[in-house]
Structure formats: C-alpha cells, structure tokens
Amino acid sequence: MSDLIVILIPVFPLLAVLLNGLLGSRYSHEVAHRLAWGSVGLSFLCAIGVFAETLGAGAAREVVAYKWIFGGDLTVNLAFLIDPLTCIMLLVVTGVGFLIHLYSVGYMHGEEGFTRFFTYMNLFMVSMLLLVMGNNYLVLFIGWEGVGLCSYLLIGYYYDKVSAAKAASKAFVVNRIGDAGFLLAIFLVFQNFKTLDYTQVFAQAGQLSTEMATAIALCLLVGAVGKSAQIPLYTWLPDAMEGPTPVSALIHAATMVTAGVYMIVRNHVIYDMAPAAMTTVACVGGATALFAATIGLVQTDIKRVLAYSTVSQLGYMFLACGIGAYTAAVFHLMTHAFFKALLFLSAGSVIHALHGEQDIMKMGGLKSKIPWTHGLFLVGTLAIAGIFPLAGFWSKDEIMAHAFVHGHYVLYGMAAVGAFLTAFYMFRLTYLTFYGQSRVDHHTAAHIHESPPIMLGPLVVLATLSVIGGFPGVPPEDGWFHHFLHKVTAQVGGESAGHEAGSGLVVMLMLAATGIALAGWGLAHYLYSMRTETAAAWAERSPGAYRTLLNKYYVDELYDALFVEPTKKLGLVWDWFDRRVIDRLVVGVGELTQSSSAASTWLEKYVIYGGLNAIGYANHLLARSWRQMQSGQVHHYAAIIVAGLFILVHLVLAWWTGSGGVLR
Amino acid sequence: MTLPLTDILAILPELIVVGAACLILVLDPITSAARKEWLAWIGLGALAACVGVTVSQMGVTVMAFSDLVIVDPYAGFWKLLLYVVSGLTILLSLAYLKEEAMHLAEYYGFLLLSLAGMMVMVSAADLLTIYLGTELMSLSLYILAGIKRTEGRSLEASAKYFVLGAFSSGILLYGISLLFGITGSTKLSAIASAIHGRSLDDPLLLLAMILLVVGFGFKIAAVPFHMWTPDVYEGSPTSVTAFMAVASKAASFGAFMRVFLEGLGGLKANWHGLFLIVCIATLVLGNVVAIVQTNIKRMLAYSSIAHAGYALIGVVVAGHATASIEIRSLGLSSVMLYLAIYAFMTLGAFAVVALLRKGGVEGEDIEDYTGLAKRQPVAAFLMLVFMVSLAGIPPTAGFIGKFYLFMGAVRAGLTWLAVVALLLAAVSAYYYLRVVMVMYMREPDASVTGQPRLAASPALAIVLACALAGVVLCGLYPNPLVALTQQAILALK
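Which chain is which? The protein sequence lines are A and B, in order. Read in order, the letters of the first sequence correspond to residues 1 to 664 in the working numbering. Read in order, the letters of the second sequence correspond to residues 1001 to 1493 in the working numbering.
Just chain B, same shape as in the assembly (with noise of 0.2 Å):
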C-alpha cells in the first residue's frame, strides 16, 4: 500500500506535532536536569512549523484518507487557536513547573500529544477519526492531571477524570456504533445522505444523537454531565487546568460542531431543543454555584461551565430551523469567536493565578486575593482586566464575544433565551467583581508582611502580555478575528 503524497501532506500539521512529542519524550533520558527546558522549546518551535503549515492550508478543502481527514478553513482556524493556546500553556508551564519544582520532559511530550487528538478531532471527516482524537487527547490529559505525583488532590483529579472520562467516551461510542449500525457508515458525509431518506422519528436513531450528546457534553462539561470539572480543574495543576478549561473545550466545540451540523444537519429539529435544554442549565447551574466559591480555580471551573452555556446558544442559533441560512451561519462564527475570546481571557485569569503562587497554597483562596492591588498593582491590574472581559464588560473582548453570541439569537427570534443569559451574565458581575473587591477594596492581611514573592519570570510574562493583547486588541478592534471565523465557518445547509 502506498499513501499518496497528499494525504501525508494533510496531516503535516498533525506528523509535526507527533514527532515533536516523539522527540522530546526520546531525548528525555538523555538530557541533564538543567536542560530540560529546552525540550519545551522543541515543542515550541513544532507549533511554530505548524502555524506556517495551517495558514498555507487555510484556502483549500482537501480530503484525505479516503475522506477519514478533511482539511478546510473550519478545521484551520480551530487548529490555529489550538496552537496559540498550546503556546501559551508551555510557556506557563516553564514557570509553574519550575516554581513546583517538578520539572518532566515528559510533560511537554504528552501536551504536545494530547494537542495531536485534538487537532484530529477537529479536522476529522469520520466518526471514528473523531473518536481516536478524542481519546488521544484524552489519554494524555489524564497523565497530564495527575503529574503532581505527590499531591494527593492532583492525583485523585486525575483518576476521576480518567474513570469518568472512560466512561463517557463509552457513551460515545456506543452512540457512534448505532449510528453505523442505521446508516451503515461512519462518515460525516454519508450519515448525512443516509439520514436525508429517512424518518426521523425512528426511535433508534434518536437514542443515537443522544449517546452523542452525551459524549460531546461531558467534553465541554455542560450540565448535567459536568460534574467532573470542579473537581478537576481543583485538583490538576493548574497549567493543566488552564490547558483543559481552553484547550480541550475548543476541541469539542469544533468537532462537536462538526457532526452535529453536518452529520446530523437533518436531524437539527430533533437536537435543537436538547441544545436549548442543556444550554439554560449550564447558564444557570454555571453562574450560581460560581458564586458561593471560595476557591479560584474552583469558581473558574464554574465560570468555564457557564462559558459552555453561552457558547451553546451559538449552537441553538446554528442549529434553528427557522432562521435563515445567514443568521445560522452567525451563530455558528459566534460561537467560533467566542472561544477564541474565551481562550484568551481564561487563560490569562489562570496565569495570574500560576503567578502568585509561591510557596504553599498561596493564589488559590480567593482571600488570597485580598489587598493585592497595593502589594502586587500589576498583577492586580491584569487580574481587574481577565475578570471584566470574563463578565463581558465594554471594551474588552469578553463583550464582543457576548455581544455576537445574544444578537445572534435575537435576530434569530430567541429574545427570550437571550434575555436569560443576559440576566445571568448580570448575575455573573458579581463573582467576577468579587475578586476585584477583594483585590481593590481591602486591606492586605497585617499578617502577611511585606510583598508576596511572585512567580514571575519571562515565560510567565509573555503569557500574560499575550493574554493581554488578546483580550484588549480583540476588545478594540475584533475584525481581523471577526473576519476570520465568518470565513472559517463550514457551509450549513
């Protein structure tokens, strides 16, 4: 058998990344303690490779395969923000690792491998493509959240995620299988044509779409399958927990995205309501439980829970019947836009939190927080920044994001669900304010004497003058991003 040179050159991006956590993970053994840092700069240089690669893939559709791997805009942009975030998280974790003193090559080898399953996922054209990409990504996001060996917290995280996880991906599969078993393949393409001739009230096909709702739900932790993510996000390191609550989540809308609304694109009457079921109550379970947290990392899991929802209703407006193909497709760049915006406001609220951590369990307690900006006015500031965006206040990125997502339904007819989110977004002030109360309108504890010491280090801040950047740039002027999810979005029908 031979693979057409095509075929190889489609999936460059992903061989690049492979073979880079190949690498790292070889050199591991031979490299002295005082080096290892450089094997983080492998990982680096292969994201910058694939950035080259992706932006001379992003005109074309090519299928690959045998139409298993589709390369098109939609698949570039997601791939694009993956590699940005993946970026950003190896340098976080340069300084984190090093401030935990655990410095493992291995680490970068499996984020790099995990970052493979996700760009899988999001330019597969087959179920079961979509499949091996999860739980490649999956895999290597259970080592990577109990890699703090010795903390009992980072080692129970991982193991829930991993029996929860397994089991999800169970769910998924089974609902993968029955679709194979109706429509006699697991193409996207062919599941579409198959299901085209078909009635849609057959029982069996429904039982299918909801295995997969299912599947795809836990991924994106949306309520009642998110169960998982405080736990998770508390517990994993938090270099991971930010890698997780940016990374991963994209992945999942992407492909998840993907099959609902080209594989199942005829079935959207049946999924559409689910949507809108799911998404209310990860609005309102995300928001209200955020705000009787105490721990950070414990209220940004619920805020990333709420994020969910209100990327969801992105995808009930993609997915409504009665809108028009244009405002469908509004939805769907909305929801694209948004985790771009997301990503770069969350992972810049949880470098701010990598940032005072020294020592103990300092920067995890919200109290943590208190008087910090009169000890620490930089990091309180950029802390006041990531914070605003998150509640989605002018003129930063988190309104944008918010502002696409709630027009989107209301011109699409939903007033109502738009009114919901609104208010809870106004319910979600006051968590994300809390921090900046508590930050700016306190006393620093008399007991803490003189200034905490800080992580900081010249990874650590390039991470956060990117996430910086991001969340004020694309506050200020959102066209270049604005402009490139509405051509990256796939064709609805």
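Bound-form chain A, shown alone (with noise of 0.2 Å):
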C-alpha cells in the first residue's frame, strides 16, 4: 500500500501531462489547469504521506517500479529511494511546485497554449520527481535530462520573442555539455562498481582509489556545474529569464537548478573520499557566489537581477558542500526555494500590474499601487538578505558559521561579500520599484492593478514559509532538520559536525552576518532612498568597472569568440569546401579535358586517319557531355579520395615499417 503511494507522486503528474497533452484541446481551459495542479496537489499530499511515513521509520528503503532491465551485465530498475533527503526534496518540490501551478492559473490567464503551457509544466514536475527520487544513477539522469528538455520547451513558450528561442537553445546546448561529463561518470561508476544502484555504490565505494573517485566526483560536478548555472557554464540562466515568469519560479529558481546540488549531496560519499574534488566544488561555489552577485548590482531587469542572484545563492549551497556541509546545503536549497519563488512571483505580479514592463528604471512608487505584492516581495527580499529570524539568516549563517569554524576563512570572506553585495542589490531592486518617484510611463500607470487572489494565495503561503521556513533548522547544526537528515548526509571520516565550536563563537558570527546585512541594507537605503543622485555619479566616476559589470563581463562574447563562432565558421568552411570548391575546380578540370579533347581531335582530324577519326569525335562528344553533367567533379571528388587513400597509406607506412612510409 504504502510502495503504491510513493509510485503514485510521479504517476499523477504524468496521467495529467497524458490527458492534458492528448485530449486538451477538446475540452475547456478551466478543466485543463484543474487537472494540472490537481494532479500535483495529489503528488504533494502523497509526498507527505510518504514524509510522514520515514519520520516514524526512519530507515530508506527502496521501490521497484518497473523492472526495467538493460540487458548483458548491466541491470537496471525504475526503482525508487525512499530516504530522508529524498523527502525533503519531495516535499519542496512538489509543495513549491503546486502553488506555483496555482499561482500559473491567474498568470497565464488568456495566454496562447494555456493547456500546452500546464503540459510542459506537469512534464516537468514527472521529471523532477524521477529526479529525486531515483533509486540509481540512471533513473536520475533520464530525469536530469527530461528537466533541461522541458526547460528548453518553456524558457521558447514565447513564440514571438526571437530572443527566447535562442535563450532556449544556448541553455539546453550548455545543459548537455554539462550533461557530457555527468555521463562519464556513469560510465566510470558502472566500470568499478558493475551496477549504477546507489545503495550498492555507496556501500562499495571504500574500495575506490582516491585517484578514481575525485575521477568521478569531478566529472558529476561538471555536470552539476551545468545543470546549477556555476561557473563556467552559468551563462545559459539569465537568458533562461526569457521564459514566463512562473517558469522562472518554479524550474530556474526553486527546483531544477538545485538538481546539482542534490546529485552532489547525494554522491557526498564519493567526494567525502577525494577532498581535491571537494576543494574544487568549494571554490567553484565561492566564486559564483561572489561573481554573480557583482553583475547583479547594475542589471536593471527585475527578472535578471533575480536571476544573477540565484546563480549566486546556488554557489552557497555549493560552497557547503564543498566543505562538507551537506546539510546546510540542503537546508539553505529548501529556503531558497520558498523565498526564491516568492520573490519571482511576486516579481511576476509587478510585471503582471504593468503589462509586461521588466525594467526597474521603468518602475518605481509602487508601494501604494499595489501593495500586497509589495509587502510580499519586501519579505523575500528580507529573507534572502539574511535579516534575523527569517529563514535565509539560519541557513546562509549555517553555511557561513560552518566555513569560518573550520577554518576556511578565504570562502568565508567570500562569503561574506557576497552577502554583503546580496543584501544590497536585493534591497536596490525593492527601493527602484516600489519607492521613490514613479517613473511608469502614462498610459501603463492608468492600468495598474493588484493581483487576483489566486496569484496572491500561493505569495502569502510562500511569504510564511519564508519567515518560518529556517526554525526547523534552528539552533543551527543542531536542529529538527540536522537530526532528520543525519543519517543521509553525514560526512564519511567527518567530525560529527558543529558541537565543538563554542556557543559565545556561533552568536558572534550570527551578529556578524546580522551586521553585514544590515550593512548591504543600509548602503542601498543611502543610495537609492536618501540620495538618489548618487549611484549615477558613482557608475560616472568609474566607467570602465561599471560597463563591464553591466555588460557581465563580457563573458557571453568571450564564449562566442572561444567555441560559438569558430564552430560555425569551421561548419561553413567544411560546407563550402564540400559543396564550392570541388565545383570551381571542376570547371577548370571540365575546360581541361574539353581542350585535351580538341586537341586530341586536331591531332585524329589532320595526323591519323580514318576509323581514328571516329574514336576523336566520340571522344569529343563524351568530354562535352560530361561536362554538361557537371560530372568533372566527381573526377574531383575521385581525386580527394585517392589523396585520402595516399595520405593513409603513408601514415601506416610511417607507423609501422619506421622508415619514412616509402614502399620498399
């Protein structure tokens, strides 16, 4: 009974996705969206069925869905892995994912392909689920890859937008190079293990060389990296920002771009045994924390600098588990996902009130206009500032504490800029849009409204969620949470984390990142609410660092010079040279052996006579012929082969007689 449950959270959505994608066109809108979030309603309540069940239990324990045999040596199942880190990604996913659905219902409201737009996000939650749920390497991959391809679908649903079918395009291109170094490490995993089942892996896994797993570790962290907009690969996400905003939300803020971080906590046992691999996820997310949130200080669309600061907060979770914090990491992926999602949403009521308008320099003033969305958005942006007590402060300070405890005072210090830099451009984008002079044009400023309850329902949840959402990991290191996910996540050969740092040395962390935030804060206040004036003067005073931080460091044009363009250019080179070449060339050869032939018919017309003479003529005729037919290239091509042929023969010559490829 309870193993139909847990096959059952996935199979709702997908009975939706069937019906919807199927037969949606025959019946109403009205039926369409209550069949989609219905479906994840019955997932959610499924998932806290399945929740409820392992806190009495506690043990993980497997379900085979289907066997889904591969054949010869490798065996694999449509299995489930019912554990505690499993349940809470149950929980965030499904329970984000329903009100966002719901929150959809009154966004895309009259929107074109409203039954598409339910299907492709239904086949997303499938996904998500097999995802986290999977009982083994490749049920998580089909997953990883069903997430990139419905993204890829979602972030193009605007069809009249140019630009949103590229974003779709460079991020499922990124995503699979990504996903190349994620399949390596199948391969590597099944070459030593001789079974994908994590269960089996991890219970093995002592026998790894270190060499074999930091192999392994790094080549899941490219594709981690890929899949959680790191660096390098981090360019795909702000374009990503092209699809609709609950798209935004629920894929590439609460649910698929943490898929990293979960695959990484989830293998925590083979990186627990390659710490260069664990430096290198540390440094990896250190870096993006800090980089991402410096673009985010200058961009002016509201979407993207949202956008930049989820790359940023993901580089948190990854710098946690670079520094074996797995906990934490999920702790501060679980309330990045309620304050994430709100602080989109409610982004998506401001866009949603000014009829599609995105630029914050376009904004402003709009406290009185619509001010529920703005005490939700002023929550989010609390929450992910770090402000005491909402949930992002325990679980951004857990991470933070967790460095400097350990003695890695560098990716503390980055760190700690980076929520420094966190708090500032989250409270900028508050004040340019909801204070200070209106700058909404005349005609859009007529129109503003609230939201319909049923936008606003999902924000309220998600704003409580957001204040309460850190207690069950309070007090730090020590919580509800910690001890519920203890047996996933601790480390191997770790000390039991946290007990040994005094209790006077956490209290003045906390302070401090109190400190710090309020700092960010209080900057922002200065710049943008007392003395508007200023940042303008400062962006003037140095040019050149502003540029470049408003234009991301050029890195998108980095890459376009480094892989995009040389890649074409070559494709274009090859296909002329396939198609052009040979062709020029064949002209020469045809008017070659026209005028080999007529000299050849001179010589049997006035030196040999008679039954010659024939020959020469049909031989005068053929070459004409050919040469109609264009067939003068086919000589050419002939001619490329047998340079081929040459070329091979010369190279095995080389090789294997050792004398300079002559035929002796």
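It should be emphasised that the hints constitute simulated quantities derived from the structure, not laboratory data. Careful, some of the hints might be misleading.
To be verified - Label-pair restraints from in silico Cβ distances:
#1 B:E1151 / A:L23: 37 to 45 Å
#2 B:L1492 / A:V564: 39 to 47 Å
#3 B:I1277 / A:A598: 41 to 49 Å
#4 B:W1416 / A:Q200: 23 to 31 Å
#5 B:S1199 / A:T199: 47 to 55 Å
#6 B:L1009 / A:A598: 57 to 65 Å
#7 A:K166 / B:A1491: 50 to 58 Å
#8 B:A1491 / A:Q200: 30 to 38 Å
Unchecked claim - Which chain B residues stay away from chain A? Per the calculated CB distances, all over 10 Å, these:
#9 P1029
#10 V1051
#11 T1186
#12 E1364
For glycine and all other residues, C-beta sits at the position ideal for the given N, C-alpha and C.
Combine both chains into one complex, guided by the hints.
Here's what the structure looks like:
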C-alpha cells in the first residue's frame, strides 16, 4: 500500500500530461488547469504521506516500480529510493510546485497555448520527481535530461520573441555539455562497481582509489555545474528569464537548478573520498557566489537581477557541499526555494500589474498602488538578505559559520562579501521598484492593478514559509532538520559537525552576519532612497568598471568568440569545401578535358586518318556531355578519395614500418 | 554439377527476394497503371516469407557453396534488420511515389535487388562474394537514385553516385586482389590463417588493408570518403535517401566488420589506429558541418555521417587489442544495436520529410517547418521525438544506443574518445533542436494560409507508427534488442 503511494507521486502529473497533451484541445482551459494543479496537489499529499512514514520508520527503503532490464551485465530498474533526503526534496518540489501551478492559473490567464503550458509544466514535474526519487544513476539521468528538455520548451514558450528561442537553445546546449561530464561519471561508476544502484555503489565506495573517486566526483561536478548554473557554465540561466515568470520561479529558481546540489549531496560518499574534488566544489561555489552577486549589482531587468541572485545563492550551496556541510546545503536549498519562488512570483505580480514591463528604471513608487505585492516582495527581500529571524538568515548563516569554524577563512570572506552584496542589490531592487518617484509611463500607470487572489494566495503561503522556514534548522547544526537528515548526509570520516564550536563563537558569527546584511541594506537605503543621485555619480566616476559589470564581464561575448563562432565558421568552411571548391575545380577540369579532347580531335583529324577520326569525335562528344553533367566534379571527388588513400598509406607505413612511408 | 539441397536452403531468403524482384519486373508490363501498387505488396509478401526463413535459421551456423556463403546468427541479425528497413521503405515509397506522381513498378524490383545484394554482403564468407553483393546493391541504388528521370538533381545525384561508387568499388577490388596475391585465397577464414603466420609489417599487406578501409569507408560514408553523401542524399527521392542512409549503411557495416574482425582480425593492431582517426574525423566533420545546413535532407546526410562516426567507436572498441574479449564483444554488439536504433529514428525522420512533401519543394528547407507545431501538431510531435532520439536524449532509443557505445569506449580504456564523442553529441543537440525550435517556437508564416496539406496515407501512417514504436520501445524496453545483438555477435579472437 505504501509502495503504491510512492509510485503514485510521479504518476499523477504523468496522467495529467497524457490527458492534457492528447485531449487538451477538446475541453476548456478550466478543466485543463484543474487537472494540472490538481495532479500536483495529489502528489504533494502523497509526498506528505511518504514523509510521515519516513519520519516514523526512519530507515531508507526502495520501491521498484518497473523492471527496466538493460540486458547483458547491466541491470537497472525504474526504482525509487525513499530516504530523508528524498523526502525533503519531494516536499519542496511538490509543495512549491503546487503553489506555482496555482499561481500560473492567474498569471497565464488568456495567454495563447494555455493548455500546452500546463502540459509542459506537468511534464517537468514528472521529470523532476524522477530525478529526486530515483534509486540509481540512470533514473537520475533520465529525470535530469527530462527537466532540461522541459526547461528548453518552456523558455521558448513565447513564440513571438526571437530572443526566447535563442535562450532556449543556449540553455539546452550548455546543459548538454554538463551532461557529457555526468554521463562520463556514470560510465566510470559502472566500470568500477558493475552496478548503478546508489545503495550498492555507496556501500562499496570505500574500495575506490582516491584518483578514481576524484575523477568520478569531478565528472559529476561538470554535470552539476551545467545544471545549477555555476562558473563556467552559468551563462544560460540569466538568458533563461525569457520564459514566463512561473517557469523562472519553478524551474530556474526553486527546483531544477538545485538538482546539481542534490546530486552532490546524494553522492557525498564519493566526494568525501576525494578532497581535491571537494576543494574544487567549494571554490566553484564561493567564486560563483561572489561573481554573480557583482553582476547583480547593476542589472536593470527585475528578473535578471533575481536570476543572478539565484546563481549566487546556488554558489552558497556548492560552497556548503565543498566544505562538507551537506545538511546546510540542503537546508539552504529548501529555504531558497521558498524565498526565491516568492521573489520571482511577486516580481511576476509586478510585471503583471505593469503589463509586461520588466525594466526597474521604468518602475518606482509602486508601494501604494500594489501594496500586497510590495509587502510580499519585501518579505522575500528580507529573507534572502539574511535578516534575523527569517529563513534565509538561518541557512546562510549556517553555511558561513561552518566555513569559519572549520578554518576556511578565504571562503568565509567570499561568502561574507557575497552576503553584503546580496543584501545591497536586493534592497536596491526593492527601492527602485516600490519606492521613490514613479517612473512608469502614463499610459501604463493608469492601468496598474493588484493581482487576483489566485496569484496572491500562493504568495502568502510562500511568504509565511520564508518567515518560518528556517526554524526547523534551529539551533544551528543541531535542529530537527539536522537530526532528520543526519543518516544521509553525515560526512564519511568527518567529525560530527558543529558541537566543538563554542556557543559564544556561534553567536558572534550570527551577529556578524546580521551586521553584514544590515550594512548592505543601509548602503542601498543611502544610495537609492536618501541620495538617489549618488549611484549614477558613482557609476560615472568609474565607467569602465560599471560597463564591465553591466555587460556581465563580457563572458557571453568571450564564449561566442572562443567556441560558438569558430565552430560555425569551421562548419561553413567545410560545407563550402564540400560544395563549392570542388565545383570551381570542376570547371577547370572540365575545360581541361575539353581542350585536351579538342587537341586530340585536331591530332586525330589532321594526323591520323580514317577510323581513328571516329574515336576522336566520340571522345569530343563524351567530353562535352560530361561537362554538361558536371561530372568533372566527380573526378575531383575521386581525386580527393585518392588523396585520402595516399595520406592513409603514408601514415600507416610511417607508423608500422618505421621508415618514411616509402614502399620498399 | 548438382547443387546440394542444403546450399539452396542456406540462400533461400536471397532466392525469395530475387524471385520476387523478377516477378515484379515481369508482371510490370501486364499490370494496369491503377494496379501497380499491388506489385509493392508482392515485395512485402516476399519479405514476410524471408523473415520466417531467417528466424528459423537463427540458431545455427551453416557454410554453403564451398564456404562462399555463411549463414550464422550474425548474418541473421543484419538480414532481419534489412527486412524491416526494406519493408518500411516500400510502405514509405507507396505514399511518396504517389505524391511524386511517378508510380513505377521497376522501382520496387530494384529495391528488392538492392536488398538481395545487401543480404549477400552480410552473409558472405568470401571477399569476392562480398564484392558481388556490394555491386548488386550499388548498381540497383544508382538506378534508384536517378529514378526521378525528369528532375535534374536526381540525375546528377545518380551520376555522381555511380562514378564515385564505381571508383570505390575499383579500390575495393584492388584490395581484394592484393590480398589474394598475398594469401592465395579470397576466403575470410583462409586469409585469417594465412595472416596468422606472417610478419605484420609487410607493406603490401598493409596496402591491401588500407584499400579495403577506403572501399568500405566509402560505402559507410566515413570521412574523408564521405563527399558523395550530401549531394546524393539531397538529390535522390526521399524514400531512396532513407533506404540508402539506413539499409546500405547497415549492410556495409555488417560486411565490413566481418571482414576486419574475422578476415583481418590478426591485423587489428594495424587497422585499429586507422579507424580511430577515421572515427574522430567523421564525428567532428559530420557534427560540425550539420550545424550550418539549411536543407533538412542535407542536414540529415551530415547527421548520418556523424552517426557512422558514433558506430565506428564500437568498431574501434571491438578492435582494441588491450581490451578483454568481453569488452570487445560489447563494442561489436553495440555497433549492431546502434545501427538498428539508428534505422528507426532516421527512417522516421525521413518519413516526416516525405509526409510534408506536397507539391513544390515544401518540406525540404528547415524553414518550411516554421510553426509546424501549430499547423500540424502530430507531424511536429513525431519529428520532435525523432530529433530528440537522434540527439541521444533519454528515454528514447537514441540514448540507449549511445549509452552502450560510449560505455564500451570507457570500459576499453578509451575514455578520451568517449569524452570527444560526448562533447560532439552535445553539439549535435544544437542542430537537431533547431528543427524543434523552428517547429515549436516560431509563428507559422503569415503568407502560408491555412493548413499545409499532408501527404498522409495509411501506408505512411504505418511507417511512422513503426518508427515511433521502435524509438520509444527500444528506449523504454531495450532488453530484447540488446539480447538479440549480444547473441548474434561474431566470435572474436
């Protein structure tokens, strides 16, 4: 019975996909969206059931849904692993997913392709659930690719925007590069363990050599970096904001992009054996947290600021993983899902009110016009900035405290500066959007309206979670959350975390974190509320730095110049070669053939008599007809084959006879 | 001279196919134009009979005609694949030829003759038998490529294919004659034992081997012997292109692996490096040039070059001297698996191209697919599935195929080759998904009014359904196919 509940979790959205996908055009939008959010709601209820059960039993268990035998020595099942980590992920994915589905009903109202939107969203839920529930690497990978495909389809949802289609392709191809690393890790795992099941792999992980563990961990990291938008593969995420806002909230903030963090935590047994890989993870995370935050400082698109803040927050989670604070990483993953979904959805509410305007330079003074949205956005801002006692404070503080206590002072410094910047740009966003003079044009200003209850309702729930979501993790490193996850995330060979740090130090660090957040807030308040002209003056004083930040350090341009353009050029050159060079040469050869045949005709006509004349004439005819048929170029294809042949002959002879490739 | 019955039974499938081809050609003049389609059903009937015979032959290994012909599970696997592909091609042609208003019965006759050539290729135990099969296949294909007699590019494709094909056949034959000169036999088993005792550095032997690499390289469209492919694939009628891209490639791989693993197995240290270079060149060129194509048939031509490159990974693994027999066998079986899967997804993609063909050249430029999801959601969805599978994304069959190939490479210690192939597979997502993007993320052109008419017919529906079923089922339940390939491999030494 309880196995059935587990299996039903992904089956409900799958049914909705099939119904809406196949029959969606036959019934009204009302039915379609009820099916969509209803199915996710049912999954959520099942997830709560599974969670309650795990809470009682505590032990991990596996549920085989379908024997997906691969043949040969590779046996893989479509099976699920239910343990505390899966439970947390399930609750976050289905819970936040459910709220965002509800919100979408209002947000997408009247959009073209309403049913299609919900079909993709539900398909995303199915893939994401497979990703977090799978008990082996292959199911994880299938979910991994599935969420990528849905993300691709949803980013490109708005037909009329060319930029949307480009962003979708970019997201997909960049992710595929990460996937290449992931797949390689899977092959290495199979080569070493002859199985892909987590339980068996982790049980035998101790036999791995450090080198092999490092190799696997680094390959996994490549995959995680792609999916979770870390340096150097983060460039797709800000562009992905071309998709509808609920998509940004669900896929590009709360769930899919955290898959990389989930994967590392899931595989921490392997990471624990590879200190070099751990250091890499921590450095990637710390660098991304700081780097993305600096770009976020100057962006003017409300969703892009949030996108860079997502990249930055994911960096904190990677940092946590890299220093072995796996529970803290999952904790931050959860609270981030709450407040980032809240921020995106209230940003969506702002955009909705302004009829699609996303530029914060054309906002301002919205506080009185859309008070609910303002209040909710403010809660999100306070949470992400790490103001006591909101959710973001507890999870971020725990990561930073762990870094400090375990002596990673450089990482702590990066995280602290990042936290200051985060507080600054988030309050900058809030001030520019909701406070000060209105910069909204008159036409739009007349139509500003608060969002309907179907959109505000989910926001209120998310705001509540953003306020209280941190309490399961209190006291730091010793809260309910930590005890629940301890069995899964306890570091192999690591000291039992936290207790050695004096409570005095912990309080000091909390105070420091609060001070950092307040300083960021204060600076934003000074620049964007008290002295609004100062920011522009600062930007003018150092135009180079400002423009570099505005253009995101020109990384997109760099990648284009390094990878995209050369590949395309190479393709064009080869294509040209395959078609044209040969064609040109052909004309020459055709003429050569003709003139030589003309010469031979002359010879035959005047030098040789009789029957030979006939041959000459035939030759002439042949040459002409060949030239018409352009078969001269065929000669050249043939010439290329011969050239290839001779190159191969020489290569081989040079290799295996040791001589210069000369036939003896 | 009397022919023993066992010899006749061994080549019964070939006899059935040739018989059916002759029957079609004989019946053609006395069949009224309205009933020409019935001749296609004769072909399908013959294929059904062949499936029965080949399945019954699967368990045994028989040598026939003084060891010129071998009937073993390996040949049986390729034959079954070829039957399926030919059957689907005939159905596809039924719809396509009607659309092109050129219903020619000899088309089906030559299709079957070409199939007979392929069948001879995969069950030949002698280089000359292989050569005969290759020629029968190729000569029929030259005619099929140019069967649209009124269209210039079809004729051009046929002429190019013919001249270059004849040229490569000459190279192949030259290689065979050198091998005969060195070893005194054209039989694969005799060649294998003759090579066994020789110095492997004999330049003449290496030259013969290289000539065979070039000859087969042309047939499977490996770089740098690929140049005929885009022109010929673009110019030929779509149904013929599909047949060439799938069936002739499968048969050539079948024959080529038997020659190199059985006949020239002793030289594997020498040809392994060559294949590695050819494999990487094929992967890089196929994937990179496909990016810039605007004609979908040309794009699929480069994509088929790239897929030959993926399949060559398996050949490289099968010839990797330091790997264990088990892993080399995995390499070989993964080539077979990959080509079977490739057959379904490529046939499916070409069937969608044929489906959209309705007057003019609609359906050949990628731009013609603009907004297809809105105009023809079913056709767009099918294309989506085939493109996703070609890109190797789970849970489609294309993923399973690549999974086995790349895993073989990693397990054989060629991790870097797997990395190169994986990155190029990532690149390939770009051009496959461009078709998806054009279909799903663009508004239909305002100038295109209403729904484009589809060249839909029951026959085409069957082809699409089979291809879709193949792609989805091999993805979700690959076990039967994997088991089949693993039972049907050659015994490696």
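Consistency of the hints with the structure:
Separation of E1151 of chain B from L23 of chain A is about 43 Å and conforms to the stated range, judged on CB atoms against 37 to 45 Å. The supplied range of 39 to 47 Å is met by L1492 of chain B and V564 of chain A, whose beta-carbon atoms lie about 42 Å from each other. At roughly 43 Å, the beta-carbon separation of I1277 of chain B and A598 of chain A lies within the given 41 to 49 Å, and the hint holds. Checking the proposed 23 to 31 Å range against W1416 of chain B and Q200 of chain A shows it holds: the Cβ atoms sit about 28 Å from each other.
In this structure the hint that S1199 of chain B and T199 of chain A lie 47 to 55 Å apart at CB holds, the actual value being about 54 Å. The given range of 57 to 65 Å is respected by L1009 of chain B and A598 of chain A, whose C-beta atoms sit roughly 59 Å from each other. Remark: the range hint 50 to 58 Å for K166 of chain A to A1491 of chain B is upheld by a beta-carbon distance near 52 Å. A hinted range of 30 to 38 Å for the beta carbons of A1491 of chain B and Q200 of chain A is consistent with their spacing of about 32 Å.
At roughly 30 Å from the closest C-beta of chain A, the C-beta of P1029 of chain B stays outside 10 Å, upholding its exclusion from the interface. Chain A leaves V1051 of chain B outside its interface by the beta-carbon criterion, the shortest separation being 22 Å against a cut-off of 10 Å. Distance check on T1186 of chain B: its Cβ is at least 21 Å (rounded) from any Cβ of chain A, clearing the 10 Å threshold; non-interface status holds. Distance check for E1364 of chain B against chain A: the nearest CB is about 16 Å away, which clears 10 Å, and the non-interface claim stands.
When the structure is compared with the earlier hints, no violation turns up for any of them.
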